[in-house]
Structures are given as C-alpha cells and as structure tokens.
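Generate the whole structure from the sequences, applying the supplied hints.
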Amino acid sequence: MSRHQFDEMYAAPDQVREHYLQYARWLAEQPDDVMRARREEAEMIFRRVGITFAVYGAKDEDGAGTERLIPFDLIPRVIPAAEWQSMEKGLEQRVTALNRFLHDIYHDQEILKAGIVPREQIEGNAQFRPEMVGVDLPGGIYSHISGIDIVRAPVPGGDGEADYYVLEDNLRVPSGVSYMLEDRKMMMRLFPDLFAQNRVAPVAHYPDLLLETLRSVSPAHTVNPTVVVLTPGMYNSAYFEHAFLAQQMGVELVEGQDLFVKDNFVWMRTTRGPKRVDVIYRRVDDDFLDPLVFRPDSTLGCAGLLDVYRKGNVMLCNAIGTGVADDKSIYPYVPQMIEFYLGEKPILKNVPTYLGRKPDDLKYILANLKDLVVKEVHGAGGYGMLVGPAATQAEIEDFRQAVLAKPEGYIAQPTLSLSSCPTYVERGIAPRHIDLRPFVLSGQKGVQIVPGGLTRVALKEGSLVVNSSQGGGTKDTWVLEA
Amino acid sequence: MLSRTADHLFWMSRYTERAENTARMLDVNYQTALLPQSAAVAKLGWEGLLRISELMPAYEFLHGEVNSKDVLDFMVRDASNPSSIVSCLMAARENARAVRGALPTEVWETINHTWLKLSQMLKDKDFERDPAKFFDWVKHRSHLSRGVAIGTMLRDEAFYFYRMGTFLERADNTARLLDVKFHAVESDFYGAASEQDQEYDFYHWSAILRSVSAFEVYRKVYRDVITPERVAELLILRADMPRSLHASLQGVVANLGRVSNSISGETERRAGKMLSDLQYGNLDEIMETGLHAYLTQFLDRVNELGGRISRDFLVPEPV
Chain A
-10 MSRHQFDEMY AAPDQVREHY LQYARWLAEQ PDDVMRARRE EAEMIFRRVG
40 ITFAVYGAKD EDGAGTERLI PFDLIPRVIP AAEWQSMEKG LEQRVTALNR
90 FLHDIYHDQE ILKAGIVPRE QIEGNAQFRP EMVGVDLPGG IYSHISGIDI
140 VRAPVPGGDG EADYYVLEDN LRVPSGVSYM LEDRKMMMRL FPDLFAQNRV
190 APVAHYPDLL LETLRSVSPA HTVNPTVVVL TPGMYNSAYF EHAFLAQQMG
240 VELVEGQDLF VKDNFVWMRT TRGPKRVDVI YRRVDDDFLD PLVFRPDSTL
290 GCAGLLDVYR KGNVMLCNAI GTGVADDKSI YPYVPQMIEF YLGEKPILKN
340 VPTYLGRKPD DLKYILANLK DLVVKEVHGA GGYGMLVGPA ATQAEIEDFR
390 QAVLAKPEGY IAQPTLSLSS CPTYVERGIA PRHIDLRPFV LSGQKGVQIV
440 PGGLTRVALK EGSLVVNSSQ GGGTKDTWVL EA
Chain B
383 MLSRTADHLF WMSRYTERAE NTARMLDVNY QTALLPQSAA VAKLGWEGLL
433 RISELMPAYE FLHGEVNSKD VLDFMVRDAS NPSSIVSCLM AARENARAVR
483 GALPTEVWET INHTWLKLSQ MLKDKDFERD PAKFFDWVKH RSHLSRGVAI
533 GTMLRDEAFY FYRMGTFLER ADNTARLLDV KFHAVESDFY GAASEQDQEY
583 DFYHWSAILR SVSAFEVYRK VYRDVITPER VAELLILRAD MPRSLHASLQ
633 GVVANLGRVS NSISGETERR AGKMLSDLQY GNLDEIMETG LHAYLTQFLD
683 RVNELGGRIS RDFLVPEPV
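Residue numbers (this note's numbering), protein chains in the order written: chain A, -10 to 471; chain B, 383 to 701.
You may find that some hints are simply not true.
Said to hold, decoys possible - Cut-off 25 angstroms, straight-line C-alpha distance, at most; resulting in silico cross-link-like pairs (SDA-like, lysine to any residue):
1) LYS505/B to LYS251/A
2) LYS451/B to VAL423/B
3) LYS655/B to ARG261/A
4) LYS251/A to LYS451/B
5) LYS264/A to LYS655/B
6) LYS264/A to ARG640/B
7) LYS505/B to ILE59/A
8) LYS174/A to THR487/B
9) LYS174/A to LYS655/B
10) LYS251/A to ARG640/B
11) LYS251/A to PRO698/B
12) LYS174/A to GLU491/B
13) LYS251/A to VAL530/B
14) LYS174/A to PRO698/B
15) LYS174/A to GLN632/B
In case anyone wonders, no lab produced these hints; they're calculated from the structure.
Note that the structure is predicted; figures quoted are calculated from it, not measured.
Structure follows, in structure tokens:
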C-alpha cells in the first residue's frame, strides 16, 4: 500500500487496523455464498421497500422514467470513538460559525466590514437573498439541517497518516439521511450477530431529533406547532426520503398545491377544512418556494409564502438564503469565520482551495489543470467537475476554455486521494474510495448530531466521484462506542 | 388529514378494485369462450366486456374486429387503455407511492411488489402462457392488499377514505357487469325457448355469478335452478352478498359517515338515499323500471356521488 493511499481497514495488506479487528475476524469466517445470498437479499428488500431514486433525464426501454437502487455495500465503514468525538466537536463548531455568518450577512455584515470576506463575494452572489435582509429568525438559526461532506486523505508529505478534511458544506436541502437510517436497518436485519459483538452507536433516533429541532424554532405564537415536510413531489429524485422522514416524524408530507396563504398565515387543505401550518421542513429549493417573489413559473411552492415568512408567522427549515454560505466560493473563508465569530481555532480542516476570481490562483489553476480537481462554484451532484488526473487531454482543454471564459465561476483543489474501504465488487472484495456526510441539526436547544452519517462509495475502480447520480453506492457507517 | 392524501388513498383502492373486477370479468369470459359455442356467441361476450367500460370505440380504433386475443391484450397489457389491468395496477401503485408515508409499510410493500411482479410477468409472457393463472394472481394480489390494509391500518380517516374508494368502485363495477350481461342476452331477458338456448343461458348466468364469486352463494341462498331474476336480486338487493350494490352502498355510507365535515351533509344525504332505495326496494319494482334503465340511473348516481365526495373532501375549492 503506497503512502499516498489510506485504507480505513488495513494499515498494511496483512495488517488490520485495531478498530476493524473484530469485524475482520467475523468477515473471514463468512462463506462466500452466504455473503452473496445476503447481497441479493438486501437488493430484493430495497426494491420491494421502494428505496429508489429517480435519475434525471434517464428513461428505461419502455420510455418511462427510471427508478434506480443506490447500490448498498455490506462492509461497514467503521469510525473509532476518539476520532468521532473530535469530528463531532469540529462539526458543531463549523455549523455554529456558519449560522452566525448567515445571521451576520443578513444583518450587520460585520465580517464584511472587518474585511475578512470580500463584500462583492456576498452581494454579487446569486445565492444572496436581499429579501432576507433584516429578517429575524428564532435563535438566529438559518441552517437547521446541515450535511457536511468529509473525506479522509493522507497528509501531504506525511508518513502514511491521514486526516479528515471538509470537502463542502451543504446548507440548502442536504439529502441522504434516509440512506443512513435504511442502511443501518438493513445491516441489523442481515447480520444481527454483528451488532451483538460490536458496540455500534445507534442512529435510529434521528427523526425524533429532527422533529424536536423543527418544533424548537416554531413561530413564537404557537403552542403545539403543526410541522409539515414540503416535497416537490413523487417524481423528485429524493422523494423516497421526503416520504420517509414525514412518516418517521408522523407529520404530513405536503406539496405546494396543498398549501395556500390567507390572512397572513399558511394553511393546508385537509378533509376537514383549512389547517394552519407553522413549520415547513422544505425540500424545495429557494427559487421554487414562492412564485410571487422567485421563479414565477414554479408550481412547487406556495404563492405569498415569503411574505408570511418575513412576518414570522411560519418558519422555513432551512431558511431562505442559506446558499450564500455553502457556495464553493465562500468555502475557503470558513476557517476564518470560525475564528472571527467564535474566537476558536478550527477543529476540522479545509482542503486548500484556489479561487478562479483571484488572478494568482487563476494562473496556478490553468498551469496545473492535470493535477487539480476543478469545480463549478454553483455545481452540485458531481456534475460540472473536472478530475484532472483522470481526464483526457481533450476534457482538460474544454475545461481550460470554460475557466478562461468565466474564471470567477470556478475553484480548484489538489486531487485528494480519498481514503478507501474494502468493498464488494464483481471479483470479490477490493478497496474503493469513500467519503462521509454527517447530518448536523441546529435548533433553539443547540446542536445535535447522530453518531455517524452517510458513507458513500465510488464503486468504479479508481473513481473519486461518490455521488449516487454518478454510480456511487452507500455503506453503513459505524461509530464505535468508547 | 391532507385532502390530497385522502384523494390518493381513495383512488389507490379504486384502481386496485377495478383491476380485480377486470380480471374477474376477463377470466369468466375466457373460461366461457373455451366452451363449445358458436364464434358469434363468443364474440358477443367480448363485445359486452368492452362495452362495460365504454371502451368499444378505443378498441375498434386500435384493432378493428373483435377477437379474443386482441381483447385480452387490450384489457390486460395495453398501457394506452386506462382500464387495462396494467394501467389500473400502475395507477394504484403511483397513488400509493404518492402517499407511502401515510400507509403502513406493509401496505406499500404489498402494492409495490404487485406492480414490480406484474411488470416482470408481462415481460416474461406469463399471461399468454396461462391466462387463467394470471387472472387468479391479479385477484389474489387484490385480496392480499385489501387484507393487509384491513389488518394493519389505523382506523382513522385514511382508512375510511381507502375503504370508501373500494366500495364505490365495486358498486360501479357490479352494476356495469349486470347491465352488460343482461344486454348481451339476445333471447330477451325472460329466457330461452329452445333447449340449446336454455343450456346457453345456464352457462351465461353461472358465468356472471362466478365473476363475482357468487355461484356457490347462489346455490346456498336459493337452492334452486339459476334464473335471471334471482341473479339480479342477489347482485342488486341482497345485503349479505358482499359484492352486491346494496352491500357496496352500505360500505360507502358507513365510511362517509365517519369522515363527515361541515360541507358534506348533502353528499351524505344522497348516499343515504341511494342506500335506502336498495334497502327497501324489490325486484318487481326494478323490473317495472326496466333493468337497463334502472342500472343506468344507478351508475349516474354513483358517478355523481364520486364527484361530490371529491368536491367535499378530496379536491376542495380554494377558500
């Protein structure tokens, strides 16, 4: 194993890391055919349960939209207790700072006045919502549900040790938590004995924490707030998750057509007449929330919603305008935000990032395209991205033109060698690259994180792209209890 | 509960029920067509079946001449026909998917599994290989999803709208079945003169009974030869016959009463009136009106009732 690779399970080809010992011993005892049968069983159950996602633009042979399973890998990703404790602190710190930043940006803008973040980065940003300026939110919280993407990679120039880096913050409508929960459920169903042998921290209480978080930020006038989940509908790729979370929390799953605004409140149409809605966990992007203010052609939202929101008569989770803080052009400033708002040293590291908008950085990017990962500032889901070392000369040239045409639209980072984890592939078990998305809940009573998160795995050999839309799979994530 | 959720539940059960009844009718026609009979008689049976769902024009446009292979194809696997089994089960599944969070996991899994398995069976030509087995399977899956729902759903509004859809659809389907069958008898309602015709009549009426699982019920209740009047009485007026119009309306009224809201009074009154007409009606009276006229009127009233339920609960006008 080279020094540029870090495997979660093996320190060397025949040396299992301590926190994986128990599992590795168990795995060695499992006959191949039993594991194969378990894999098939898992797939059958996922399909019957309908844990599928729709693929944008894809059609099956009959011309209907396709529903795909996200491949589930049987080998868990295991995180030792001490590593998790430090990561948990780092996540709380980071998300707290990001929320402080959002509040600041939409109020006094002290961080701009202090010259830490350039003013044009904010006010010229399409994700900055002038409608939110001066709007006070309960607890000053904007991102109630945050998904922080973390990777582990060898420390440059280090001696084989690796460190966690935050790859990006997702503060708009982060998804994937249902897979975290379903993967655990599946593992417990397939291998109950494993959970008797290993002390794995539970995650199943996430929906309770989520509901508690949502209720904690309800408008001041409510005693027993009505919480709903707002979905774009069953053809959205994450529809399963929307329905799942609504069901687990025991709240209504609504679509825009179910809501209307009257007398400064938001109501839903029920079989017994209109019912007032107090908190909306919305899984619809800002642009589609209110056709009177944002995209006028949207049928996914509710006309007049923003007005009610600004009056404080309904809460949206996450708040409108959080995109300005998870934009890839803002990401490089997060460590400074932590110091500015909290007076603390950042616990979680950022990946060194070059900004196309800075002339020096741009020069560096263009000179080193073949070694860098270049990303569109507003891209998501693994689209609009160049992985230099894996790209052809032609792809690199295309990207060079794109970056030159609009330098401020791109950032670049060194190609991190994501850590790998043993994974079932066609020919047995082989290392595949993984990342991790823990989910951070921020409410009036503080920050809560269930131990673990969603581990995504790039199933293609050598691939660093873990997104499900690009053929990624998932793994159960174990945080071992101390 | 959310109106849209109630709407999806209502239609989920309607489509499941419709798929079942379509399978029942196809099954009986298919079995009857295997009997020695003239091609003309067999064709009559298929034509009647198409008229039931008002699908004659659509069928003729696609296939022209009525023959058993094309009709079966059209009614089972043609996704462009909204009443085909594949369309109904897909609609049931899409409605279930839209409210999967409001359904017990087992109910959703059953309906989803039905759909996935159906797609596979049609692909594998299971239906063409053994139609009778296929129809049995459709019926069985309908029994199963109904049973799982009754066995697992909380008795709240979701359940009442779900059940209401089943009963309303069943009232509609049974009425159509009767209407078409009585129409199909060329030798007039009051039976056959020749011996051959009498024999044909027996198969004809027993086919109707079998299509609503009432053949054995008939024997048990009447202990006598099968006559058209009694078939009509059994399937219209008997409250103890679970697929009769009377029993179906009882189901509609009972569930409607449980979800009653501030604007549904008139709808409840009309449903109640339909029920009492069945409760206190008798066959002579119906025959006086004429069976076809009676059933046509009944279908209109069912249709209107469906519209009213929609307006009062499922798709309310903006306030």
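To test your reading of the hints: which numbers does this structure violate?
1, 4, 5, 9, 10, 13, 14, 15
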